[in-house]
Each structure stands twice: as structure tokens, then as C-alpha cells.
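Protein chains in written order, with my numbering: chain S, 1 to 218; chain B, 1 to 218; chain F, 1 to 218; chain V, 1 to 218; chain U, 1 to 218; chain R, 1 to 218; chain X, 1 to 218; chain L, 1 to 218.
Read the hints as simulated data drawn from the structure, not as lab findings.
The C-beta atom is built at its ideal place from N, Cα and C for all residues, glycine as well.
Worth double-checking, as some hints may not be accurate.
[To be verified] Chain L regions said to be covered by chain B (calculated; three or more residues, Cβ under 8 angstroms):
| # | stretch |
| --- | --- |
| 1 | 124–135 |
| 2 | 198–211 |
[Stated by the list, open to error] Some residues of chain B that are not near chain V, with every Cβ distance over 12 angstroms (derived):
| # | residue |
| --- | --- |
| 3 | 131 |
| 4 | 179 |
| 5 | 183 |
| 6 | 201 |
8 protein chains.
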Amino acid sequence: MADAVLDFARLKRTGTAEAVLCASKTPAQIDHILALAAAAGKAMLLTRLDAAAFDQLSAGHRAQLVYDQLSRTAVFGTPLEGALKPGIGIVTAGTSDLAVAGEAARTLLFHGFEAPVIADVGVAGLWRLMERLEEIRDFRVVIAVAGMEGALFSVLAGLIAAPVIAVPSSVGYGVATGGHVALNTALASCAPGLVTVNIDNGFGAACAAIAMMGASEA
Amino acid sequence: MADAVLDFARLKRTGTAEAVLCASKTPAQIDHILALAAAAGKAMLLTRLDAAAFDQLSAGHRAQLVYDQLSRTAVFGTPLEGALKPGIGIVTAGTSDLAVAGEAARTLLFHGFEAPVIADVGVAGLWRLMERLEEIRDFRVVIAVAGMEGALFSVLAGLIAAPVIAVPSSVGYGVATGGHVALNTALASCAPGLVTVNIDNGFGAACAAIAMMGASEA
Amino acid sequence: MADAVLDFARLKRTGTAEAVLCASKTPAQIDHILALAAAAGKAMLLTRLDAAAFDQLSAGHRAQLVYDQLSRTAVFGTPLEGALKPGIGIVTAGTSDLAVAGEAARTLLFHGFEAPVIADVGVAGLWRLMERLEEIRDFRVVIAVAGMEGALFSVLAGLIAAPVIAVPSSVGYGVATGGHVALNTALASCAPGLVTVNIDNGFGAACAAIAMMGASEA
Amino acid sequence: MADAVLDFARLKRTGTAEAVLCASKTPAQIDHILALAAAAGKAMLLTRLDAAAFDQLSAGHRAQLVYDQLSRTAVFGTPLEGALKPGIGIVTAGTSDLAVAGEAARTLLFHGFEAPVIADVGVAGLWRLMERLEEIRDFRVVIAVAGMEGALFSVLAGLIAAPVIAVPSSVGYGVATGGHVALNTALASCAPGLVTVNIDNGFGAACAAIAMMGASEA
Amino acid sequence: MADAVLDFARLKRTGTAEAVLCASKTPAQIDHILALAAAAGKAMLLTRLDAAAFDQLSAGHRAQLVYDQLSRTAVFGTPLEGALKPGIGIVTAGTSDLAVAGEAARTLLFHGFEAPVIADVGVAGLWRLMERLEEIRDFRVVIAVAGMEGALFSVLAGLIAAPVIAVPSSVGYGVATGGHVALNTALASCAPGLVTVNIDNGFGAACAAIAMMGASEA
Amino acid sequence: MADAVLDFARLKRTGTAEAVLCASKTPAQIDHILALAAAAGKAMLLTRLDAAAFDQLSAGHRAQLVYDQLSRTAVFGTPLEGALKPGIGIVTAGTSDLAVAGEAARTLLFHGFEAPVIADVGVAGLWRLMERLEEIRDFRVVIAVAGMEGALFSVLAGLIAAPVIAVPSSVGYGVATGGHVALNTALASCAPGLVTVNIDNGFGAACAAIAMMGASEA
Amino acid sequence: MADAVLDFARLKRTGTAEAVLCASKTPAQIDHILALAAAAGKAMLLTRLDAAAFDQLSAGHRAQLVYDQLSRTAVFGTPLEGALKPGIGIVTAGTSDLAVAGEAARTLLFHGFEAPVIADVGVAGLWRLMERLEEIRDFRVVIAVAGMEGALFSVLAGLIAAPVIAVPSSVGYGVATGGHVALNTALASCAPGLVTVNIDNGFGAACAAIAMMGASEA
Amino acid sequence: MADAVLDFARLKRTGTAEAVLCASKTPAQIDHILALAAAAGKAMLLTRLDAAAFDQLSAGHRAQLVYDQLSRTAVFGTPLEGALKPGIGIVTAGTSDLAVAGEAARTLLFHGFEAPVIADVGVAGLWRLMERLEEIRDFRVVIAVAGMEGALFSVLAGLIAAPVIAVPSSVGYGVATGGHVALNTALASCAPGLVTVNIDNGFGAACAAIAMMGASEA
């Protein structure tokens, strides 16, 4: 059978490690990849691993995984050591966005960053965001997660100087099904300093935030 | 040739008069309709009449039209008499939205309503909206015009109790081309009391606002 | 864990209370929100709560909820007191639209309005609408629910003076899958006084209707 | 140069003659095709021939063409002889739909059918359609042309027994740009006996109407 | 509860009877409608009734229904009497299209027409169509069902004089998912005499075919 | 100013030379690129060079270009020498497809292949294709160009053994605007041996045909 | 019941045999087709046969099928004899693309070709592709499978002279859901010699590769 | 007339100044805004100002503007003083992307950053990028501009550690028309550290790059 080829050099080359997107892989394929990681003595992050798929992995691998159901992430082995680094914050428009925020937070943790989550500050009740604004202004990079119409992205990016990484979430119905409205809102925003990643891509937002933090150390 | 059939009974039946959407009509067809209105002794509102089309109308009709180039509207004959009624306000996110706001304002004027325009209060600079908020809260119905990502709709509807009629404008580029992002933002909004009309449809928003004002008198 | 932030001030600020859209929340998250509402002594409306999710809520909360399966709504605690107010009517094109109509009716009830439902008057059999027209003309605000091609919206708005809030329903197949055709029909309508909300958004239509009724009292 | 291959056998095989869609052809290509028709002694219908393209044809060909600017059709040579046949009617929602209706009417005329046009009976003013209903019920096949939201299609097909061929027209703006809303309305209609052709395809509707008339003679 | 309003007058008015689209109705709603039909002494056609929904109907109603699983149709009561009428034929591109063809055939049968099905003559193997061409040419109206790219529609309509009603089927994957490619192929076809109904709409195609047959008797 | 970087090594690496897509370049940029080619002593193919842009190039460069207006291609310098190679054929559905066919033919000529064009054999008149079938079966690779519904692709690929490269052309209106229907027809085709390139991409089809011919020599 | 019509002549006519796309067929229909193949003494390839459908086939047919779950293909009877032919290679961007690659490989095997699979060489870690490049350059035709953004297609086609057949896979989420981004990337690529088939169409890519190999023998 | 409301506080609040998007404004509106800026003594950046609009501005304003036609940007007044800051680089896939790259470069210059442009390194000729890789690795933030299929984004972000801001450009035809394919490629990329802005939004990319640089100084 054709082999998986893991990109262990990615961490050194790009500053973030390869992760395994489990959504379209069979349990056998995931087990195979974990065996490769174990053989190489590498820690590994798994994303989009839903509970049913987790349950189908080999018992040995399940025992070595730290699994979080809401964010559908699992960590295999021991990631980076040392004190957790501050500077990145995560803001969500609603409670429903916490799964995506969790994927971002767990990815950051895997790479040694601790990122507080400020939840449920959508702009339909503007006071909720305003109450937390000073706290948000202390972050050097902000990840914002919002579904439905995503108006949070523009308002937030118009109020702070840090770069804002919009993560549109697939929370919504009717025209908002799948997260495309929130995505387009982020892209079409008039506010400066706003950039976007794919719908529900908490992992990618975390990687980009790490890259931005790294930029400051060059 | 097949004849136009004007719905002069619409004003009595629905509270707003039929208007002529000129965009897809030839100058000859518009002249023909104006002749019918003149014969019936009726005033008439023309929308989407761009300058080039206006110039091709018969000289006689041009002389009887009060034309406004920015909003591409023209009034034929004398509309409703009496003091102008207050209660409806128009809010725009940017300068570029003034053409659509003008179509709404001129439609309201034709029906006897005076609607102030509060322009350029988009939420990328939130203080601009906040400065005018008390003024806006005095309106009984608010028409809001915004293009690009249309974040104004959600923020505004979350702050006031009056019904807000979103008019997405076709101001934007890239994903925002044609106004579809602003439209979807309005439809997907989490804010209560927000309703939507077609892109650039200042005329329709005005008719709906009039219907809402009428509801209060029943 | 990050906390939900409920916007209890919304009722005072906008005239309608915050509701909880349950579709993308876990049962644990919904239980958490209900606990916050209980602690604050507030009544709360839950929407998009399907039977499977309802069954997974804590027994204590289930006992305090008045649940309606067809409309997927539940009421927690005691809503507004006093006599139910008239003036808003709901019209549907077909039997299949009754779930969405139910969400609107139950939202109105939560806010103190009684809204009769006139069902199954789609325009493929025009006599059905005509038979009920006088009754419909008595409403000060009309909510219209239709799926498939949504031709009801235009015909209805062309016949009455009250504002008509179109709620496209996701009833249909082929090109009509998801309700987008009915939505676009509402937006593109030539009839005056017609406004639109998101597909299946009975809740939003009810909030907008309340705002329109409020406009009449200012 | 590669030669055009005209399908003169189509009339015999299918009951309608090949026509030349001029929109994407150069004047030289159209002149070449007309020369082939002349050489074969055949009459020919040209569609989508706008005024600018007509003016660039060779003077000899221009002299032999009967050109109609509104419908952008031209007839080359002498079509079928004999008395014009009745039975097909054309109904339009608005004045703006007359160009497409004209393409259908001229195509029918080329094949020996006379089709009355009943214009401007869109359902936003339902009485206009009702006034003409008995007249419409006399047709054996009805071609209906409508843009914007195309609600006419459903209402009309729900009222008569003859087959209705919907021709969505590209009359509209915002979501209705290009005629896609009217097309989808026709396809999603709940009304029986309704079939559809491509946007603005008056020619195709006419060919289908002729085929339906032919069915009755078999 | 709001009542269903059945359009029993439709048969007389339009030549085809109202049918019940079961896909978006609860079993309780379908049972309610059948009770109304029974009370009125009317036969009724049910479409899009999948096996699971059929099993949830009341035992009494199930006993009175003639159910066909492949086409998901059921007949309640006794439809039109008398000898079955010929003249309409059904052609399919593949075996997978037989479910949709069955909906058309059963609808025709309900209205007193017997329609032979000529299956699996898609044009990737052109000889299959050519072998049956003379047989097809004998029909006065042809219903053609095809999914994937739907090339059958153009080839067939280019070969025969009868009107062809294209029914795009939702058979396909990738770009063809949902039947939109076959639909657009039918609409964009260069072949004359071709008209289209919604994806998978075998019922609508049958109603239109009946209308076309009726045209011949006027 | 930032410099263009020409990929003169592409011919050796991939078997086809880099060409200059002129559509989105200014005349100054094209002149700059031609100067680089002249300095390197390389022949160069220009595509999408419309007449207006050609006229704005420097007189010196215009004199060295062999320009073809219909295909909007120009050849700069002297391409490959030696006898023209046979084996590739080009088939078009209509006269309107000849511009795209010309881009393919001129690209092939630049690389030393002579490709006959068999034009106007669309399947609405199937006999036109059948008449030329033996001739087409002699090609080792066939490029097929079609717009509208593109039914030619499936029929052709179902009849011959050579690989067929579909080039959807942007010939069409309504749903077929821009060539997307023909593209999807090619992709969704049930016929074997059919592959596709971008809409109007005659250049890409020619490059692929050359690669396929090359495969036979390995 | 209407019969399936198998195109056993396809192999001789086009070089590749008809296969049965099982996705939209009932088990009864598949069993019926297998019985026809058995009666004709023909081998047959089944695609898109998922495990649940396989289990519903008749026991007799199951025993005669060689089934592969990952690629969802099954072979009935004995395909072509003789030594397996080399020359075609399959390259995938990720592990998730192996199911589609498997459909291609099994189709090739059915027709007598052995195609090595070079897996997991996506360009986010460019070294993985570079390491295998010489091996890939030895193939006369390359099938490339990639989901997500499909950047592999352009990079690969820019590096080799053999024709590259892109098979976009439906691996991805957010904007990449369904494989449309990878498809469009393949179509819009600037790299020469690249052609495309439908999303997930490993079968079609294999048929095209065989046609291209055949071209070399003509 | 309603007044423009300039957000001069934006620079202090967010680190980047408000710019005027001229594309949908009349010359009179732009002149009005420039007068406000002059009165406030502020420098101002104008974007999307095409040559025809520039020529219609008042002579006085034209004299004070430094206009660049390729990037369609103009600077009014004197921007920030002091030495230009390094650290941001711009990379383009093709010559056609230089207009968008110019908008980014001029925006950066207005804010005091000097950004080198490395042009024409698209991955169809991978050596072009590889030759410049070390140079690119020295930037702390990279803006990448690409149209067509945008494969450059993934390859580049997979090779360097700095954050990459993708600016999809509207360079392309067929499926790539309008830049949507390049946009989706950037969003769907598997490469880490990649974020996206709207199509052609060089201005927004520059603002985001400045925010990222600022993050490093906190």
C-alpha cells in the first residue's frame, strides 16, 4: 500500500508543525500515521477527529491521545516544553463558536502559546464587546471567530491596532449555511488590519498567529 | 403595438403609487408611459433613469420632469399635497451609498414624507454612529443603506427599537461586487427587527417604510 | 471554560428579547444558558431545538420547558403578562410551511401577541387566497411564509396596504432546495411594501413585526 | 477557412427551421451564412442581431433583410406562404418584456403563426391579468414572458388548462440581474402545465409552441 | 390547528388534479390530508413519499394506498375511469433515471394515460437511441429523463418533431451533484422544441404532457 | 520597475513554450516582454491580444508580429522549423467557436503541428457529425470546441477511441453565459476518454494535445 | 419493467469498456445488470459501490465479485488477459486522496495496465514531490489526485513533459467542500499539458489515460 | 447635502489611516472629501482612482495629488516623515499582478514602509521562485499577489516562516474570471501561516502587514 509521507521538517522550516486533518481519513489511515509518528519519536496534533472516529482507533493509540470532544482535537505524545507564551487572544461572537475557538486554542497550546478565550461578545449586543475592549487591546494578535453575518470582524478590527485573524464559523442557517456569509463579510470588510482564513479553520488561524508573533522576534 | 397597462389603482389599494423602472425600457417606451400618465392626469415617479436615457426623452416630457442625476429619479407632474410628514430616517454607511439613499428619499418625498439622511456612519469607525445614535432613535422607521460587508445593519438594529429596513448597495469589489455580501449580511444578521429589500432598491425600502408608518395609523 | 454572556438588556433596548438558537449548541451549552436565565429570573425562548436535542437536556430543565415539536421552539419560565395583543397575522402558502409559521407564532406569543394563522393559500389555486383576502386586510402587519417559488409574496403584497414580511421556507427540491428561490422571489418582487428575512427565520419575522407594531405607538 | 454547415433539413425533420444566432458571430461570418442561404434558395431567420451588427453587414444583404430593432430579429428571403395560423398567444408581465416577446412573435410569424401579444399584466396588479383571462383561455398554447421575480408564471398556469411556456427575461437588478430569479421561479413553480426555456429565449419558446401545436395534428 | 385547503377544483380548471408533495410534510399532516380527500370522495396522488414515511401513515390509510417504492408515489382511491389513452412516451438516459420516469408514468396513469418507458438510451452509446428512434417518433409528446450531463436532450430534440419535455434527474456526482448540469444542458440546448421542468420533477412533466395533449383537442 | 521573468526553459522542460497572455497586461508591459524575447533571440506566441491592444504596441514590434484578429493571437519571430506534423484534429460545434479553435490551431502551428478544423458539426443536426466521422477517427488526438450546452463532447467521445480534449467556449446567453454550462457538460460526461481545459482555453488544449502526442514517442 | 441496455460494444469502439456507476442504482438494479453481463459472458467493472450496497447484492453475485472497500470498486468476471502494461503513473497530494487514486488504479488494472501510486507528495512540503520527481518523469501519462486547493496540479505540470490528468478530490472543508476549489485550480492553471476530469472521477481519468496511451500506438 | 464624515482618528486607533476608495464615488464627492482633508491639514491616500476619474477632479486638487496610473493610487498632501522602514516584501506570480502589488507598495510607502517587489515568480516555472527564496526569507511579513489558480500561495507559505498575506488578483478568464479561484485557493491552502484579503485588495494587505509589524513592537 502507498505510504503516508510526514513532513516533520515543517516545524523547523515554517515555525509550525504538520497536523493530521482526520476528517477524510479512515481509522486505519490515522492509526498508520500515528505509528509513523511514534516510530519517529514525534509529537503530533490531530484535528477534525470526531468522537466516532476516535473510538475506532486502536486501543493503544487511544491511550496515548489527549482528546477534546468539543474542538475535535487530540494530541499524541508530548509537545513543546517550557513556559507557555502570552500575546495571542481569541474572541468569539457566540457560544456556538467555541468549538472552532477550541481548535485554535489547542493548536496554540501544542505550540507553546496560552491564548485566553473571550466568548459571546457579538455586536448585536454591542455593550458585551465594549466591556472587554481594554482586555482585548492588550493582545498582540487577535483571532476572532464568528458565524452568521460575522459583523464582529469589522467592528473589532476598527477598534484595535493588533492584526485580527477572522475565522468564519459554519454556524448559521438559510443564506448563512456553511459559513459563507461570515467569510465574505470578513473579506469585504472596510476595517484595516483584518485578514481571513478558511471557514472553521481554527488550526490555520493559530498557525498564522504564531507566524505573526514570530515576525516580531526577527 | 402592445400597450402598457398602468396600475393607477395601486396607490389606493396598497398605499404607494406605481413607479416606472426605466432601466430596461427604451426612451420610446418611457415617453409612451408618460403620455398615458398625462392623459390620466396622474403624477408619476420614474426610477433608474440615467442621464443618457433622460436626454433621449421627448423635449416636452423632459420639461415636465424634475430630474435628479445622483439618484437617477425623476418626478412627472405634481405629487401629493399637504405638509411633509416626519418619522422616517435614512442612514448610510458611506458616501458611496448616497445615490441609493437618494432614491429612497425622493420616493418618500413623492409620497409626502420628509426623511433626513444621516450619512457616512459605517462601523469601521464606530464613534461616527454613536455620535448620531440619539438622533436616530427618534425615527419610527429607519432605512439603512450599506455596501461592502454591511456590518452597519447588525450594529444599528441591535441598538434601536424601530424597525430597520436594510438596503444593500452594490458598492464594493472582489467578493463584494454587486452588493451580494451586504445583502447576505442583512439576511443572516442576529439582530432583531431587521428586514431587507433587494440590492440598491431604495424605492422598495421607501414603499415598505410608508406601509410601516401606515400600520401605526390603523 | 468560557462563559455565555446573555443580553438581558435587549428587550428594553430593542423591544424584543434575546432568544437562544439551539441548532449549533451542545445540550451542555443549552443547559448552561438555561441555568444562567434561571439564576437571573428571566424567561427565555429557545428556537431550533429539535426533539433529539430536547431529550438530551437535563431533566430539571425539560420539566420547566413548554416544548412544541413542529415549530421546534420551547419557552422557559413565564413570559410577558397581560392580555394578548392583536394586529399581526400569519399567512402560509402550504401545509409544509406550518413549522416556520409556528416559530413565528410562538415567538409572538412569547412577546404578548396573538397571531392567527391562515394556512395553505398558495397562488397556484388563487381562489384560496381570494376567499381569505378581507380577513387578511384587517391585519396591521402580515407575515407570509412560502417555499418553492414563493409567488404568494408578490400577489399578496400587491393586494393589501399593510407591510408584508416574507419568510422564505426551505420547502422544495431541485432548484428550490434550501429555500433560495423563494428568498430571491421575495427580494426581486415588483410589489410594494414587501420586505424579507432569512430563510426559515420565523423568529426574525416575529421580531420585525413587533418592531413595526411598536412604530405605531411612538 | 472552415465552412459553416447549415441544417436546411431541420424544418422537415423537426418542424422548425434552423435560425442563425448572431450574437457571437462576426459580420463576416453572418454575411457568409446569408450567402449560403441565398445560394440554396432558402429563407432564413436571424436572431440576436443588434443594430450595430446589422449596420456592418454587406449592403446587399441589408437590403434583403426585414429587420426589427426591438426584437433584434431579421428575416432573409420569403418564409412560408399561406394563411397565418392562430392558436398561440403571448403574455408579458411588463413593458420591458416586449423585446423578448417580439423575438417569439417574429419567429412564429416566420413559421406561419400569428400570435397576439397581451402585454403588461404582471401580478403585482392582479386585476390586469384577470381582465384578460377569458381572452387568454382561448389560446391552445401560451408563451409567458416575465423578468424580476416572475410570479406571473405560477398564477397564470394555475388558472388555465393550456400548456404555458415560461420565458424568463433578463429584466431586473440586484438578485434579479440576468433573469435567473425568474427562471428559477418558473422551474420551482407549484402550478401544473408549466414548462420553461432559457432566459430571453423567445425563439426557443416559439419553436416549442409550434411543436405543441403539431402534436395536436398527429 | 390551521387546516389544509385542498384545490379539488384544479382538475376542472387546469386539466390536472392537485397532488400532495409529501417530502416536507409530517405523517400526521399527510394523514390529515387523506382524511379530507376521503371525506370529499376524491382520489388523490401522493408524490415523494419515501418508504419510511409511508410506514408511519395510519394503518387505515396505508390499506387504501397503492404504493410504488421506486417512484415513491402512492394512489389513494380510484382515479379516472375509461380506456387508457396513448400518445405520450418516456425516454431515459440510464437505469438510474427510472425512479423519476416512474413518477411521470404513475402520474400519467392517474390521469388516464398509458406511457411506455424506453430506458437506458443515453448518447455515450449512440446506437442505443438510434435503434429505438422510429418507435420514439410515433409519440405525440416525449418526456426525456437524464442526469449527469444530459446530452440526450439535445440529440433527441434534434431528431424528432414532437415536443420534448426534459426532466433533469439528480443522478450524478462532482459538478453534476443535484442535477444542475443536466438542467442547464436542457435550458442551453440548441435543439428546437425542447422545454424543461425542475430537477426530478416527473410529476410536473406529466402534467405538462397532458396539457400538450389537451391542446390538440381544443 | 519590477522585471518580467520569462521561462524560456519551459519548452525543454515540458515540451511546450511559454506564451504571453496579453489580456491583463498593458501595452507597455507587452512591449517590454517582446524586447526581452528579442534580446534572447527567442520566438514567442502572444494570446488574447485584441485588435485595440495590438494597435497600441510599438511600431517596431507590430512589424515583427504575425497577427490574426479572429483568434487574437500573434507570433513574434520564427517558431520551430521543419515539416509540420499531422495527427491532431480540431472539431467545432458552431461557427461561433472558430475563434477559440483558431487559438488552438495557431498554437499548434507555432509548435510545428498542422491541425485541420472540422467546423459546425453540432449535434442538434446529428448528420453533420456523422458525415465527418471517419475523417475524425483518423486523428490521434481530437480537440473539440463547443459552447451553449456542449452536447457535442459526449457524443463525439462516445464514438471514437482517441482522447478528446473538450474546450468549452463562452458562446451562449442566459444560463449559458460565459461558457460554464458547456464546461460542466464536459466534466459530467458519461463518455470515456474525455478531458477538459478552461473555458476558451484553445492554447491550453493545444499544449495538452502536444503532450499527448509526445507520450506516444517515449 | 424497463430493461437496462448494456453497451458491450464500447470497448471495441472507444478502447475502454462500459462500467456500472452504482451510486444511484438500487441493489435490485445492480443485480439485474450483473445477470445481463453473466448472460453475455462479459467481465464488468462496478464503481461507487459502497459497502452497504455491496452487502445487499445477491449472494451469488457477491461471490463472483472482487471487491475493494477503500476505492468502492468491484470486478465481476475475468478482465483482459496478458501481461500488465506499464507507462501510467498516479500521484496524490495526500493520504485522503487514496480512495480516488484506488478507483483509477483498479480501472487501469481492469484494462490491463499496472499503475504505481506515488502518494502524499503535496506541495505544502515541496521536498516530498522533488524527491520523487525523476521517478514521475518516467511515466508517459500521469494521473494526479488532489483535494483542498490542488496546488499540486500546477507545480507538477510545470515540471514534466508528460500529459497530466488532474482528478480533483472532494477532500476539504469550508470553501473546499465538495472538491470545487481543486477542480477550478486545475482548470485555471497556468501550467501546460494539464487537463481535468470531474471531481473524484478516478474512473474517467483512467479511461482518458488509456486513450492517451492508445494514441501513441496509432 | 449629507456630509462625508472622515475618520481621522483611525491612524491613532488602529495604526493605519483611512483611505478613500474612489471607485464608486463621483468626482464631486471626491473633491468634497479632499477639501475636508485640506481643511483638517491631513494627508490622504486615494485608491481605485482610474485615469478618467482623476482627470475630472478639480484642477486645484489634481495639482496637489501624486498620481500613479498603474496602481490607480494618489497621495494628497505629505504623509508620514522619517526614514522608510524595511521588513515587508511583495511577491507576484506574474507581470499582470503588478497593478495590485503597486497598490500595496504605495499604501506601505504612505505609512513609512519601503517594500521591495519580487515579480513574476509563479510556480508553473518553479525555478523562478527558488532563485529568489533566500531573499524572500529575509522579510518579516510577505504580501503575495497571484491570479489564475494562485498556486504560488501554497508553495510560498510552505517554504518560509514569515506570515504570508495572499492577495488574489482578478487576473484570469473562464473559471478564473474575477479572481475567485485564486481567492479560494488561498483559503483552502494546506500551507501554514497563510491568511487572505479580498480580491485585488492591495490596500488591505498593506494595512494588515503594518499591523503585523506593529505586533512585533508591542
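For each hint, the structure was consulted:
1. Taking a C-beta to C-beta cut-off of 8 angstroms, the stretch 124–135 of chain L contributes 0 residues in contact with chain B, too few for the three needed, and the coverage statement is violated.
2. Check result for the stretch 198–211 of chain L against chain B: holds, 4 residues qualifying (beta carbon to beta carbon below 8 angstroms, three or more required).
3. Listed as a non-interface residue, residue 131 of chain B keeps its Cβ farther than 12 angstroms from every Cβ of chain V; the least gap is roughly 31 angstroms.
4. Annotated as non-interface, residue 179 of chain B brings its C-beta within 12 angstroms of a C-beta of chain V; the closest such distance is 7 angstroms.
5. Chain V draws residue 183 of chain B into its interface by the beta-carbon criterion, the shortest separation being 7 angstroms against a cut-off of 12 angstroms.
6. Residue 201 of chain B, annotated as away from the interface, has a beta carbon of chain V within 12 angstroms; the closest lies near 6 angstroms.
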